Amino acid sequence: MSAYEPSSHGEQRIPASSHSEAALGQRERAKTGHFRLKIFVPIFYILFLLIPIYWLISLSFKPNQEIVSGLTLWPQNFTLDNYRVIFNDPSWYETYYNSMLYVVMNMVISVAVALPAAYAFSRYRFLGDKHLFFWLLTNRMAPPAVFVLPFFQLYSAFGLIDTHFAVALAHCLFNVPLAVWILEGFMSGVPKEIDETAYIDGYSFPRFFGKIFMPLIASGIGVAAFFCFMFSWVELLIARTLTVTDAKPIAAAMTRTSSATGLDYGVLTAAGVLTIIPGAIVIWFVRNHIAKGFALGRV
Amino acid sequence: MLELRNVSRTVGADKHIVDVSLKLERSTSNVLLGPTLSGKTSLMRLMAGLDAPTSGTVFMDGKDVTGMPVRRRNVAMVYQQFINYPTLTVYENIASPLRVAGKPQAEIDKAVKKAAELLKMAPYLDRTPLNLSGGQQQRTALARALVKNADLVLLDEPLANLDYKLREELREELPKIFAETGAIFVYATTEPHEALLLGGRTATLSQGRVTQFGDTTEVYRRPQDLLTARTFSDPPLNVIAVEKTGERFAGPGALSFSAPPSQLNLPDGRYHVGIRPHRLTLGHGAGAAPAGGSSSASFEATVTLTEVTGSETFIHADFGKERIVALVHGVRRVDAGDRVRLAFDPAHVLVFDERGTTAGAPTALAA
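Line by line, the protein sequences give chains W and H.
In terms of the UniProt record's numbering, the first sequence opens at residue 1 and continues consecutively.
In terms of the UniProt record's numbering, the second sequence opens at residue 1 and continues consecutively.
Everything labelled a hint here was simulated from the structure, so no lab data went into it.
These numbers were taken from a predicted model, which means no experiment stands behind them.
Beta carbons are placed, not taken as given, at the ideal position from N, Cα and C, and that holds for glycine.
Please note: incorrect hints may appear among the correct ones.
[Said to hold, decoys possible] In the DSBU-like style, the derived pairs of lysine-lysine whose C-alpha atoms are separated by at most 30 Å in a straight line are: (1) H:114 x H:176; (2) H:103 x H:113; (3) W:292 x W:130; (4) W:211 x H:103; (5) H:244 x W:192; (6) H:113 x W:192; (7) W:211 x H:110; (8) H:110 x H:176; (9) W:130 x H:15; (10) H:120 x W:211; (11) H:23 x W:192; (12) W:192 x W:211; (13) W:192 x H:165.
[To be verified] Per label pair, the in silico range of CB-to-CB distance: (14) W:128 x H:21: 32 to 42 Å; (15) H:120 x W:215: 24 to 34 Å; (16) W:68 x H:130: 51 to 61 Å; (17) H:207 x W:128: 27 to 37 Å; (18) H:5 x W:128: 31 to 41 Å; (19) W:139 x H:323: 51 to 61 Å; (20) H:114 x W:287: 43 to 53 Å; (21) H:114 x W:173: 50 to 60 Å; (22) W:39 x H:122: 50 to 60 Å; (23) H:304 x W:288: 52 to 62 Å; (24) H:130 x W:81: 48 to 58 Å; (25) W:39 x H:310: 35 to 45 Å; (26) H:130 x W:126: 24 to 34 Å; (27) W:287 x H:122: 55 to 65 Å.
[Said to hold, decoys possible] Sample of chain H residues at the chain W side, in silico, Cβ under 7 Å: (28) 70; (29) 79; (30) 85; (31) 96.
Working from the sequences, and respecting the hints, build out all of it.
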């Protein structure tokens, strides 16, 4: 400690004018060094994040022969054959349709169920409301694998196996709590006096909710729907267990790693690229609303 | 006519409103005056029907409306916060009650334009509320309340969040604008001078109780009790404990003055006198004899703080155990710790007995 003290005091005692030029140069250098570091950290960070995605895209444009024969940084024999396979084979492209269908169903169900629940949590005090709110969240704390067997047994009993509805419903267990949590945050940001003003103006509850309240929390509904989409779109275990062929999701199709000709890297990577695209599009649309969600501390 | 009969509201262990009975006539302006948390908003919510009373009944034009939901009553309310529908334009905000009522477009248009004109919102009808200044937002809310043609218009400290100038402006306009509608106009405020400016009738509130209800000037001049007088005084009322013997009141220190004629026949005993801050004048230096002859009384106090507000000076002083505030004209240079002589005319004091009930109030226009 004492070793550092003199130097720091010494620096302070030097009159600013006599060494100002040197000090300035030093500071300038320090600044550019700092500046470089500031730029390189995010550049490296983004590069490392993007490399796997680049590799995926690059692979999807290579023929299998090039993929297995050696390392090429970009496709030497550029081909769209892999994509052609997917778009021409119903066992591939139907899985996209299946995934989309149950994801959309799940989004609609989750948000529709979560809206009134979130409204109740945000506007009313009732016995055990805080415990119930927390309990809802605990549903998300268990890994999906925990629920695989009960779901499978239950849905078999009701004859729901291999339907889109089964997957949509199963995912609600995870998505409804999340949607309630997100929506509650957005709803609590709307002053209660707005509700009252609407009632004073003569609005009935449904009319107020649809015409005044929903537009106010439109961002929240968007963010909630987005997170439902995210979970439901990437969830593999439950979706695969509850489906056989009719409602088979894309994620399950992609894990079908071996075919008659061995491992079909090209087609699998092309399927991967096509799986990323919907997510990327959705993120693009909700990016501004998500920032708002972050500001509310609910995302 | 709106009548509250023995209305109380209790939430959990908190008594928000305690046994309030009020009769508010049509085409009158009524002020609810009280400090924050005195129950003004709670009382308004009961009047509007946003909350139901725990006990008691509410009558509107002789009809029991106690349990009736707010949307079936013809009321309008404006909050202290600027509450509008952020997603709708100003025009739609104002038109909202008429739209819900299913009025024809031509009629809505006419009413909205008229209300916007009255509240000087005509140039902003196409904007959304969040693109307006605070004053304009509140004007929008007021226009919505006006356009509805409600039987009961409740304004809950509508000007509290506005800057001084806007407040002055709107305070003048508001009673005029709403007087024409024939509604029962209720205005809640924490500021006594706002109540005096609005005129009409005033109900003073304290801890969920209405302490007095009557003509505003009457309540101000002749408060029924100490609580009302304290509520209706800003800066706070100075209260000094005195003892009456014969024709004289004697207080702490050397304070002694002869009772004004109206209070001569009060029985001897202990009293409290209330002196409004603006009734105190600064005597000529400590120790000097009080000017103004026998009818004037004075006492010496130690200054703790002076605040100069341009043309007036607030002098805070300690007099015995009491804290005294005097509002004197002009800029006075008095330092903390100085001894000053504060004088008042006994004819202007309010006299309360030991239970706080008014025993004597100034006659005529004295207060």
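**Item:** Hints violated by the structure (listed by number, smallest first)
**Value:** As far as the earlier hints go, 5, 25 and 27 are violated by this structure, in ascending order.
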